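Protein chains: 2
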Amino acid sequence: MDRKHNYLYGIVVMTAMAGLWPVEAPADEGMWLFNNPPKKLLQEKYNFAPGDDWYLHLQRASVRFNSGGSGSFVSADGLVLTNHHVGADCLHKLSTKDRDLVAEGFYARTPEEEIRCVDLELNVLQSIEDMTARINAAVQPGMSSAEANQARRAAMNTVEKESLDRTGLRSDVITLYHGGLYHLYRFKKYTDIRIVFAPEKDIAFFGGDPDNFEYPRYDLDVCFFRVYEDGKPARIEHYLKWSPKGAEDGELVFVSGHPGRTSRLNTMAHTEFLRDRTFPHTLRKLFRWEVVLSTYSAESRENARRALDDLFGVQNSRKARLGMLAGLQDPSIVSRKRSEEQQLRQMVQKMMEDAGQKAAPTSAGRPPSAALLPQDFGDPWAGVIAALKVWDGIYYDWDLLEQRSAFRSQLFGIARTLVRLVEESGKPNAERLREYRESNLESLRFELFSEAPIYEDLETTLLADSLSMLAEMKGFEDSLVRTVLAGQAPRERAARLVEGTKLASVEVRKKLAETGPEAVRESNDPMIQLALLVDPPARDLRKTYEDQVEEPLRQAYAKLAVARFAIYGTEVYPDATFTLRLAFGQVKGYTEQGRPVPPWTTFAGLYRRAEEQGNVPPFQLPPRWIEHKDRIDLTTPFNFVSTADIIGGNSGSPVVNRNGEVVGLIFDGNIQSLVLDFIYTEQEARAVSVHSAAILEALRSVYRTDRIVSELLP
Amino acid sequence: MDRKHNYLYGIVVMTAMAGLWPVEAPADEGMWLFNNPPKKLLQEKYNFAPGDDWYLHLQRASVRFNSGGSGSFVSADGLVLTNHHVGADCLHKLSTKDRDLVAEGFYARTPEEEIRCVDLELNVLQSIEDMTARINAAVQPGMSSAEANQARRAAMNTVEKESLDRTGLRSDVITLYHGGLYHLYRFKKYTDIRIVFAPEKDIAFFGGDPDNFEYPRYDLDVCFFRVYEDGKPARIEHYLKWSPKGAEDGELVFVSGHPGRTSRLNTMAHTEFLRDRTFPHTLRKLFRWEVVLSTYSAESRENARRALDDLFGVQNSRKARLGMLAGLQDPSIVSRKRSEEQQLRQMVQKMMEDAGQKAAPTSAGRPPSAALLPQDFGDPWAGVIAALKVWDGIYYDWDLLEQRSAFRSQLFGIARTLVRLVEESGKPNAERLREYRESNLESLRFELFSEAPIYEDLETTLLADSLSMLAEMKGFEDSLVRTVLAGQAPRERAARLVEGTKLASVEVRKKLAETGPEAVRESNDPMIQLALLVDPPARDLRKTYEDQVEEPLRQAYAKLAVARFAIYGTEVYPDATFTLRLAFGQVKGYTEQGRPVPPWTTFAGLYRRAEEQGNVPPFQLPPRWIEHKDRIDLTTPFNFVSTADIIGGNSGSPVVNRNGEVVGLIFDGNIQSLVLDFIYTEQEARAVSVHSAAILEALRSVYRTDRIVSELLP
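Protein chains in written order, with my numbering: chain B, 5 to 718; chain W, 5 to 718.
Rather than coming from a laboratory, the hints here were simulated on the basis of the structure.
None of these values were measured; they are calculated from a predicted model.
Which copy is meant is left open, because identical chains are indistinguishable; a pair holds if it fits in one copy or across any two.
Simulated crosslink set (EDC-like; lysine to aspartate or glutamate; CA at most 20 Å straight-line):
no.: 1; residue 1: Lys-393; residue 2: Glu-481
no.: 2; residue 1: Lys-323; residue 2: Glu-496
no.: 3; residue 1: Lys-478; residue 2: Asp-396
no.: 4; residue 1: Lys-323; residue 2: Asp-461
no.: 5; residue 1: Lys-236; residue 2: Asp-123
no.: 6; residue 1: Lys-478; residue 2: Asp-334
no.: 7; residue 1: Lys-101; residue 2: Glu-615
Put together the whole structure using the sequences plus the hints.
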């Protein structure tokens with residue numbers, strides 16, 4: 005194999021060459037950029053070499069759910085396939101006490117019955133342009149870190165505005181390799197999205213939290229939306245065809261989706277920061293929120309419905325984070341990470357010694373500065389440590405005030421956005437906080453003016469708890485805490501804020517958004533007043549974070565990226581950034597504690613599992629599945645696993661075969677896959693998908709949704 | 005009213021005399037000592053003046069459950085009444101996968117069917133003797149705090165051993181007023197306790213966590229045990245008669261039970277320590293444990309059964325602690341506490357100024373030193389602060405290592421007890437850690453050699469989580485953490501410890517307990533080795549805690565107690581200590597947010613509540629209650645509230661009328677009562693009881709337990 009393919013895997017290979025390890029085939033690793041796909045690797049390992057149109061077709065058939073998730077076009081009439089748990093945000097917002105689309109499912113028998121989501125935005129990636137040189141050029145030598153951050157932000161905001169003005173497309177500069185490259189992504193944006201079909205939650209999320217991140221698995225985690233333009237179904241050129249039979253065992257498959265975040269390029273010190281600071285703190289919050297939401301939910305069925313989506317999110321994060329933390333606590337994983345870092349350090353050391361003596365060859369594919377290490381390379385590992393030290397000093401305050409852990413309320417979130425929107429809008433685009441840049445305002449307003457229901461009792465419960473957490477963490481004598489609580493107990497303060505604010509009304513929000521900072525400052529809305537009160541310290545913390553943490557990290561990681569490009573070539577992939585990536589792998593079972601786990605489950609297995617667990621929630625089958633059991637072909641493969649490299653955010657990604665046909669739908673990773681946040685392994689880690697045949701069989705035999713079936717198989 | 009009755013209430017009255025407050029009747033406040041009952045108060049407010057035999061009868065009819073709770077004798081043949089949730093510990097330990105006594109309930113139709121609990125010890129208070137002078141005399145002027153602690157412990161261990169040898173009764177020196185008085189309590193001890201009747205958990209704990217600490221309420225939280233001696237039902241002289249009709253609205257009632265702990269005498273600094281350190285940390289642990297236990301339970305019905313008792317305990321604590329913390333965060337409560345402290349400080353200041361000028365009168369009822377403040381009074385408030393500062397410095401380590409938060413495993417607990425038992429047994433009684441004092445060894449061995457089942461999977465889950473918490477809190481690079489984890493991830497380490505240890509076997513425990521420290525040190529049991537490893541730092545922390553926190557606190561609070569006795573008289577009650585206390589109050593409803601809450605609920609209300617909540621858990625009625633609904637008199641009062649001053653530990657206490665007859669059974673306080681930990685209020689705070697008529701009606705009409713009914717009403 006070619007060690008340039010993969011810097012993470014490279015270590016194993018180089019050690020192997022030293023005779024310590026058996027030589028292995030290259031791994032099915034990587035969340036690849038669509039403008040730099042792993043062509044050589046696919047050619048060498050799988051003898052697969054599609055043309056550029058193959059990649060472009062898959063790229064433009066892929067859809068990003070801005071609510072968090074992935075999807076794909078599966079018909080010329082704008083039908084979009086995704087997971088039930090991705091669509092649940094929309095279903096939840098459309099539900100009421102008397103009509104629970106999440107629990108009961110939904111099927112639009114006619115186009116007229118398709119219901120529009122209140123605030124769902126979908127993005128489709130049209131083009132990628134490298135802006136690294138321009139963004140980096142804005143940062144002059146000798147600039148302080150704060151100046152550099154400001155200059156870089158100005159350049160990014162400006163590039164995006166220019167692109168938007170020129171193309172009319174949503175334009176985002178994406179930071180890759182933690183600062184190694186800056187690419188301009190242009191998206192076609194859809195905001196008229198309607199729900200077409202969703203099964204009942206009990207089958208979509210069969211097994212609930214106990215089976216989440218587990219395998220074998222039995223979930224119909226699927227739903228269909230339709231994208232509209234000008235009030236009519238959008239005409240879609242690039243959509244994926246359906247494979248009724250799916251993929252064979254061992255077959256090569258691809259996943260095109262939006263992995264949210266990985267931390268594989270982190271230095272060891274940064275990884276330890278995650279283990280010792282970020283993960284424990286996040287887990288403490290998640291444990292707390294899970295209990296608060298669970299107790300709220302237990303009070304009545306309507307409470308349970310209101311909190312369901314939030315509770316699912318919290319439980320899902322909790323289980324994922326616990327798995328990741330267990331990985332970080334595992335000495336075998338830590339030592340692998342440590343060896344990789346030592347390897348890179350040694351290679352850099354060697355390059356430094358050689359530097360100036362010989363010129364390395366350049367190639368078109370590499371960033372211009374990658375041929376040799378820059379003069380000012382210094383010690384980026386120490387740079388990371390220095391930045392993390394600053395972060396550590398402000399971590400809890402920053403999380404409480406700027407990240408809003410102390411104000412876990414949608415209404416507070418709206419108040420903050422309004423307060424900042426009117427203030428930032430008065431500044432030149434180049435100087436604004438990133439989310440208020442000109443090119444983002446349309447999407448921001450779309451979300452801010454959402455008609456999604458806000459439940460006052462739930463708001464009060466969550467705000468009271470988070471205000472209490474603020475006081476517990478900072479102490480009651482802290483002057484900000486005293487001002488925030490205004491002489492009241494957290495529960496009372498939360499109740500008065502939620503009762504008193506008018507921000508539940510979208511009209512009120514719109515009116516405030518049209519005014520200026522003075523009018524907002526004079527508002528007598530208590531939630532606005534609270535947001536104003538918290539804003540100065542929150543902004544200070546953000547500035548410290550951006551200037552002294554984010555920017556130094558970006559600079560340090562940019563250097564490490566340059567070193568990696570120089571050593572391992574440009575055929576390496578960046579950490580995940582919730583932008584479109586291509587992963588690949590094989591349909592493949594695995595061995596767990598000596599026991600073989602086959603790649604597929606079947607509908608028959610679903611019924612067995614329900615029976616074993618006594619048919620009680622979360623293992624209770626929906627009535628339709630019990631009534632129509634005899635219509636279902638129980639041998640149909642239901643869920644399957646593959647070695648594709650995925651992570652949270654990939655939910656809803658299509659799994660396609662060499663012909664670009666849908667053979668499955670990503671909805672989860674197994675518990676062993678959670679370490680993929682830090683390191684790739686294909687020993688037991690697997691992506692979990694719904695099989696394309698299972699989706700068809702359910703649509704035909706259980707739900708009788710002829711309209712969708714004939715659209716998938718015209 | 006006489007302000008001497010009650011120092012807490014005194015402030016209101018004294019302010020009232022200053023014209024700021026309306027004059028009120030004295031409150032139904034106090035957890036009174038049986039050797040110092042509130043005779044004057046009862047006489048004045050309720051015109052009730054029973055003889056000493058009335059008190060002695062109630063005292064000896066009251067039972068302490070050492071598993072945590074209260075009870076009472078209700079027949080001459082040793083029948084004991086308590087709560088289902090107090091008896092659940094025994095029921096849980098007797099249950100198996102195929103026979104779940106907690107869920108299904110239990111009724112012994114004949115004496116032979118009564119089942120013996122595996123490790124339940126009941127105590128009945130026989131006598132109280134004041135030992136203050138002797139214990140305090142052991143502490144010489146000029147002793148360091150460590151020496152004072154050692155001398156005091158020696159005196160206590162010795163007094164108890166002498167009493168045990170002389171009387172054969174369990175003898176415990178109880179520290180009252182946080183160090184103001186030392187009383188020797190002698191208990192008759194029963195260890196052959198058999199279960200007679202328990203209803204299904206679904207009716208005993210109807211409403212589950214959502215309704216816990218709430219009112220109105222509908223719980224048959226009752227069960228009956230029988231005490232045996234020499235294999236036969238014990239003959240009981242002092243037992244309570246049953247009142248089939250219960251108490252009237254407004255009627256005076258008494259509660260005789262074992263409130264576990266209150267913190268009313270704490271200084272403000274100490275109260276703030278609870279608010280800022282103890283409660284937040286405890287809640288973080290509880291949130292975490294609740295999630296861990298809930299996820300374990302969700303995996304299967306058998307898991308749920310195994311974890312049920314532990315999960316209930318955690319959820320119960322979490323809800324209680326949240327309520328208490330909300331009280332501590334409430335400015336109105338904090339300012340009441342603050343005024344009380346200022347009041348006491350001013351009074352002391354005045355006494356200090358007067359001291360030496362005149363001699364205050366002494367009376368037989370007061371401790372000898374209470375007439376005037378001692379010469380070395382100093383500033384006990386500052387003494388508390390100094391002690392808390394030491395505690396703060398070791399708080400997390402002490403909690404993790406000595407309090408075992410880092411080793412949440414029964415098997416580890418057994419290992420620690422064995423390691424310490426063999427070591428402490430080799431020391432003179434006077435020098436031993438308190439729990440290994442001669443007079444306690446029989447009870448300690450009874451618990452250590454319990455045949456209660458230990459579930460390896462649950463042990464592994466909890467130990468893995470707590471080891472991870474240790475690493476998260478102290479960091480992975482901490483040398484103790486590294487040694488404890490032995491190069492393994494927490495999950496792996498926990499699994500190997502639980503697999504490897506032999507301590508699940510009582511025989512193995514007994515053998516080890518018979519050896520000496522050397523043999524234990526040489527044991528190859530990995531859990532014993534872990535306990536040995538952790539013991540030196542844990543003991544160091546304990547020594548620091550006892551010498552530099554506990555003893556200085558005791559000395560400071562002893563001075564404050566002297567000041568209170570001098571100012572308010574001896575007719576004040578000490579904070580709760582899980583020893584027998586007498587509370588009193590009226591059956592009385594209250595007003596909540598303008599809405600009147602009547603004192604009673606009925607069986608009809610139970611059926612309504614189940615219906616409203618859709619008859620789903622935890623609002624699902626047991627089949628018997630659905631089948632036999634037509635046999636039940638639905639107008640029977642079910643639960644009721646009173647103003648009696650209770651707290652956790654009072655669960656299972658009998659509620660009696662002036663005739664000493666059982667009119668109810670304490671099982672909870674409402675949510676407003678949780679602040680009783682810090683301060684008494686009877687505005688909305690209420691004790692919640694099962695009505696004596698409801699118990700009879702259920703026994704007769706639902707369960708047809710004629711044997712018990714005829715024993716209660718002979």
